[in-house]
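Chains as they are written, first to last, in UniProt numbering: chain F, 1 to 211; chain H, 1 to 211.
In case anyone wonders, no lab produced these hints; they're calculated from the structure.
One or more of the hints may lead you astray.
A pair counts as met if it fits within one copy or between any two copies, since identical chains are not told apart.
Unchecked claim - The list that follows gives simulated cross-link-like pairs (lysine-lysine, BS3-like), each with its CA atoms no further than 25 Å apart: (1) 173 to 52; (2) 173 to 24; (3) 173 to 41; (4) 52 to 87; (5) 120 to 24; (6) 62 to 173.
There are 2 protein chains.
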Amino acid sequence: MDSTQLHLPEPALRRLPWYLSYAKLALERGETTVSSTQIAKDIGVEASMVAKDLSYINVTGKTRVGYSTFTLIEVIETFLGFTETHKAFLFGVGRLGGALLQDNGLRQFGLEIIAAFDVKFELAGTNINHIPIHYIDRMNELRQQTGVDIGILTVPINQAQEVADMMIQADFKAIWNFTPIRIRVPNNIVVQNTSIYAHLAVMFNRLRMNP
Amino acid sequence: MDSTQLHLPEPALRRLPWYLSYAKLALERGETTVSSTQIAKDIGVEASMVAKDLSYINVTGKTRVGYSTFTLIEVIETFLGFTETHKAFLFGVGRLGGALLQDNGLRQFGLEIIAAFDVKFELAGTNINHIPIHYIDRMNELRQQTGVDIGILTVPINQAQEVADMMIQADFKAIWNFTPIRIRVPNNIVVQNTSIYAHLAVMFNRLRMNP
Chain F
1 MDSTQLHLPE
11 PALRRLPWYL
21 SYAKLALERG
31 ETTVSSTQIA
41 KDIGVEASMV
51 AKDLSYINVT
61 GKTRVGYSTF
71 TLIEVIETFL
81 GFTETHKAFL
91 FGVGRLGGAL
101 LQDNGLRQFG
111 LEIIAAFDVK
121 FELAGTNINH
131 IPIHYIDRMN
141 ELRQQTGVDI
151 GILTVPINQA
161 QEVADMMIQA
171 DFKAIWNFTP
181 IRIRVPNNIV
191 VQNTSIYAHL
201 AVMFNRLRMN
211 P
Chain H
1 MDSTQLHLPE
11 PALRRLPWYL
21 SYAKLALERG
31 ETTVSSTQIA
41 KDIGVEASMV
51 AKDLSYINVT
61 GKTRVGYSTF
71 TLIEVIETFL
81 GFTETHKAFL
91 FGVGRLGGAL
101 LQDNGLRQFG
111 LEIIAAFDVK
121 FELAGTNINH
131 IPIHYIDRMN
141 ELRQQTGVDI
151 GILTVPINQA
161 QEVADMMIQA
171 DFKAIWNFTP
181 IRIRVPNNIV
191 VQNTSIYAHL
201 AVMFNRLRMN
211 P
């Protein structure tokens, strides 16, 4: 299977990590096979959707037996890119940036932050969780040395576009944007927006609607 | 305006934090009014959509002038619940849980974590960022004392459902689920799923499709 050729619809893509976690738990419980019916019941989606999502990545179960738990984990992890290591730079060592530097979990999911950058002189030369922090103007030099092309954006909102522009100039391929700002980038750059505060807004709103 | 009565479609709700950030930046630059055309251009959505989203929350601009920046900030912040304080408990003081305890940004957006819980005895009695950590079995007692009804779930995946069940028993109204597991809850409980690792999967996938 050449998984790089598969174009999976985004909703299906977003469900794959659920199946992965489910399979990991099943393996812990000693279950060597899992069925789409089981997965569907526990996750709260339709069994036919589970089967369809998994067929996209060429996983097919056996009738009355289901999927091999181990194969399921392996195929999903590989497909999602969690088994490779993607190196990244982080921009903005504030509260959230610092927290992400502490999160070794990212490495398990294929992302390794190898350096962080900030405009605060006093941070340059220090490190968090063994990740060195540099003054921002060293970015281009380190980008050339390392070939890193993923940038994590955790700067204050009034610097978000400026730092994004710096990454665009330096030929980054992807920006993981944790700021609540929409950044403008050329079409060939991948932007993943992850604003946890926007999720908070959705939760508060649902709470009010659900007295 | 009684904003609690408004039912906003979720995509519109998710765009409001963008407009908010935009307006905050405009205010910093000294712009006392902003137009839907400007917002639309900078954010990369249609101007008619901006106007429609804002009309849902009863913000209307003046022809040829636009919206008052200050009013826009005030109305969106109030509507999103960022100006109130919602108290929450956090469950699972691992990497991600610890990071969220450090993130004072949450407080600016209306969420105050007042206590954290873990099953590790050695964490009980300590604190992170002045937030006390308790052994998990003190949860019910502290829930009764404080009336907290929002729980943040940052436990390992094999404990996610168990801890969610504990919250359901204790009558929590909302669970902010940071685990990559789908938890099962009754219909009257609000669940907000925020798995940053799922976003990572989407970004890796787009990177491969975008060589």
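Now the hints, each set against the structure:
{"no.": "1", "hint": "173 to 52", "in the structure": "neither (30 Å within a copy, 33 Å between copies)"}
{"no.": "2", "hint": "173 to 24", "in the structure": "neither (31 Å within a copy, 29 Å between copies)"}
{"no.": "3", "hint": "173 to 41", "in the structure": "between (38 Å within a copy, 23 Å between copies)"}
{"no.": "4", "hint": "52 to 87", "in the structure": "neither (32 Å within a copy, 41 Å between copies)"}
{"no.": "5", "hint": "120 to 24", "in the structure": "between (42 Å within a copy, 23 Å between copies)"}
{"no.": "6", "hint": "62 to 173", "in the structure": "neither (40 Å within a copy, 40 Å between copies)"}
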